[in-house]
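Taken in sequence, the protein lines are chains A and B. Just so it is clear: in the first sequence, position 247 is 247 by the numbering used here, and no numbers are missing. Just so it is clear: in the second sequence, position 587 is 587 by the numbering used here, and no numbers are missing.
No wet-lab data here; the hints were simulated from the structure. What you were told as hints is all true, and nothing was included just to trick you.
Capping the alpha-carbon separation at 16 Å, the derived lysine to aspartate or glutamate pairs in EDC-like fashion look like this: (1) 205/B x 245/A; (2) 704/B x 683/B; (3) 127/B x 33/B; (4) 564/B x 621/B; (5) 744/B x 755/B; (6) 108/B x 110/A; (7) 499/B x 516/B; (8) 213/B x 141/B; (9) 208/B x 245/A.
Computed list of chain B residues with no C-beta within reach of chain A, every gap over 10 Å: (10) 57; (11) 60; (12) 64; (13) 92; (14) 101; (15) 292; (16) 334; (17) 543; (18) 548; (19) 608; (20) 687; (21) 754.
The C-beta atom is built at its ideal place from N, Cα and C for all residues, glycine as well.
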Amino acid sequence: MDKNLVKNIFFGGLIVLLGLIPAFFGLFRISISHLVQLGVNIDQVYLLLITPCIALIIATFRIMVGLNVTSIIVPSILVACCFLLGPILTGIIFIGSAVTALFIKYLLNELHLHFSVKMPIIVNLVFILILLLAPLLIANYQISSITLPSISIIIITLALITEKFLSFKMTQSGLLTDFKNLFKTSLFSLAIYLFLGGGLFSFHWTVIKDFIIFFPEIISVCVILNLLIGRYTGLRISELIRFRDLIFKK
Amino acid sequence: MPFRANSILGINARNLLYIKPFNAEKNVEIADDKLKTKAFLSAREIPVPRLLGLIENNKQLLNFKWAKLGHEFVIKPNLGFGGEGIIPITYKENGYYFTAKGVRYSEKDLTQHVREILSGNFAISDKPDKALFEKLIVTDEVLGKYSTFGLPDIRIIVHKMVPVMAMLRLPTTESNGKANLHQGAIGAGIDIAKGEITHLIHHGKIIKEIPGKGSIKGLKIPFWEEALRIACKAQLASNLGYLGADIAIDKTNGPVLLEINARAGIGIQLANLTPLRKRLEQLADINLNSVEKGIRIGKDLFGYSIEKNIKTISGKKVIGLFEKVEFIEPQKQTEAIAFINTSRKKNYLSTELAKQLGLIKSKKAKDLDTVRATLKYRLNGKKIISSFKIDKNIRKKYQVVIGNKDITGNFLIDTSINNFITEKNTGKKSNIFVSHYNPIETDRQICRINNQMKFLSHLRPINQKEELTKFLQDNSYNPQFKYHDYAGEYEQTIKSLKKIHYDDSDLGYLFKERIEELALYAELIKVRGSKEFTEISTRLFGMPTAEDLVTFSFKKIKRKKEEKNITSEELKSIFEEKIREYGLKYWKVNISKRILTHCITNKNKHVILRNNLLFTKSRAEELITHELETHLLTNENGSRQKFKLFQLGFANYLETQEGLAIYNIRSRASQPGLESPKNRLIEAIYLSTNHSFSELYSSLRANKLTKKAALNICLRVKRGLHDTANHGAFTKDYLYYRGYQSIKKFVEKGGDLRELYFGKYNLKDLPYIKNINSLNYDQIILPNWLK
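Please model the complete structure; the sequences and the hints are all you need to start from.
In structure tokens:
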């Protein structure tokens, strides 16, 4: 038997077991009912359940569709924040932070500074903006699912992911490229949020949400699905489009 | 599988099936580090851009001397990717550095850029980085004219030592001079076998031609064989089983490996309109350990298959004029090279091969014509049973002639196929096909090595000034010269020369001579300071005999006394007028204080005069005849020939060039004469065989030479030696006088001097020169008196 195949089966099996064991013993349901009894909102429990699903969706889109978003972390956090703060408030804070960061990035390109201080300057100015806007935003948007002290932590998280979004690179990629990335990431995150049962302008679709809450074992299945997708060697949809001349060549 | 889609290699398959299994992480780390890659590969004789400087931290940056970089260099981040952070400086003016695009940088700007590199701003990971300074590569003219600016490069994908696919990347204005397809560079697929352009793409779309420059389909990549070799050697050295080698073709040095890529992109498939995964799968069961085998397999499997198409149409195999045949009976596995000669009906064997096959055990020579044998042999995979006779006249190059009888109905002949090379350089006889012989490529390779060899400057002692000072203080002292150690470099040169191919044609003979001469030059540098130096110098340039001293003693002609009233600047104007008269627009005349002689002509179409001199009218005429009407015209005519060696010079060209120049002066100038110090050179070379430096000096002084003249002659003749107390000499100057004698004899026998103006070659090679098919007769410029 091929050595690599044995290795793959052994380690893959180990990972699957780690993911399946809690499901096998019904530990998820026990855990969820304890949390609810302790007073945790079911929506927040749902957030814990869908985060692995978000990661799976992003991985699937990257590997099978070829959609290259910034990273796994940025859309995951954005979706989570959409559930906590609502998509509009999340959008305003994230896009506002990102646009500010991009603008400052281009101003800093003209200055002769140590590279290591450029990011702190960007974060500094982004937080100045947030501090000025936060009272207005919170007053105008009702956030029922979280406590007010938690808001600042969420806002800090949102502002800080701009660093990940900019990837620390003060390279010469054009402004158009940066805005394209921002648009892609935001739209993608919104799409996942809606798919997973978020609400927007009175539109609610809760089929997936109800399913996941009813079958929390789904997050174990995500482990197996991730492993399977990780072995996919076929063409991405974006590649089918890119190489269409070659595919349909006579 | 729905997503297999004609065996195109996608990113997923590339990562999982080729990068992960074949590219170990530690090897990928080395590949990502340009400095490590450079050191690693150059130690394994793979040409890489020369490193001019390195800055590893801010302290080194503060102490860095920008002036030492010169005017042409490239700044690169060591861990950079995608071309980010690279600044190529092409010239310096008024204290500012400029790129080809005209972007200006001050020293402060460049310092800040390096600071950003050191911070890791352009690094593939967020680690602090180093800044490299490399020699700027000037791209070969063949490729350079198709890109606006920036450096075109060739990406070759190599898998398991086999070159699988290749692409030329041409930077554009849109890509900002970067050879990056995503940023707007043009990609051109390359046929692995022939090295010719097949298709063009821009932004993923097929285009028919390059906007503003036309079609380049069919354009042959220069030094293609060498580029393939470098890519495969890089893979062998780096241990990356799936590798993208980025190679640039330097104008002077030929192919140079820019970097190796452990995660080569997949856009190359569009440029070639061929799926890559299919090709990679064909190599699944292959395990090679030889670069040459890998190249052969790559060409055979992945070359553009016109021949195969013809086969499917006609059912016949396509062969060339020379093919390998394998005799199965009477003796199994006897291989030989066959000449496919359709002008002969029957098949023939050479006497030697017939003996080897046991056909003529006890036959006398006169009975060989009666020998007939029915033999079974294999040609291009096809078994044939046929009769053979013996032909005593078959040349050594091949041992068999296959006539029309066996060809008709079985094969088609493509006369452009010429796979057969005998390994002349190594002296081995080989029945194995080595590679396609391309005389243009051979010419380029020789010229490249020729340009790299700074032969005369490497003979200049590094302690010349100090030793001469000691000598001048005490004339009995014999200087002890030291030289830079170039042994390693010249070893490499000799190895490179051995790999150059040539054939049995007249041109091949000329190539062979030049290769042997350059190898001797390299050997001469290697043996500086040793006993062998004089011996090799004699082999190259000859050694005067006692007879020569009589023959070459020119009577000093009494000249009319003339005033030295022509300055260097005035002479420059006279030269420029003369050049205009001959219609040579591109030649420039400059004045310099750095040359040692009065005037030199170089291959870059410059004539350089020494500064601050005064010339008589006769001397000015001599220089016009010598420099312009001999050297400049042969140089210009040489540049108009197909092969560059006509301009740089075939073997021993100097003898004829200088001889022709002296002959022209003596027959043309109003007051011809050879100045006495030059006459003394022959005598000095002769005496050096049994004189030390100080003895030679004393001898020259006794002959009424000035101190300066005597010292100069001693230096010219004793350079290359270590201990000048020893006997021995550098005999190059003997060439000048030998050349004059041979030209004189040539003319006396009715020779036409015009035949010496096609380029730079030795007179004895004239018959071979005239047999070269592509020799340009029409555009030759002759001196006025020869028109």
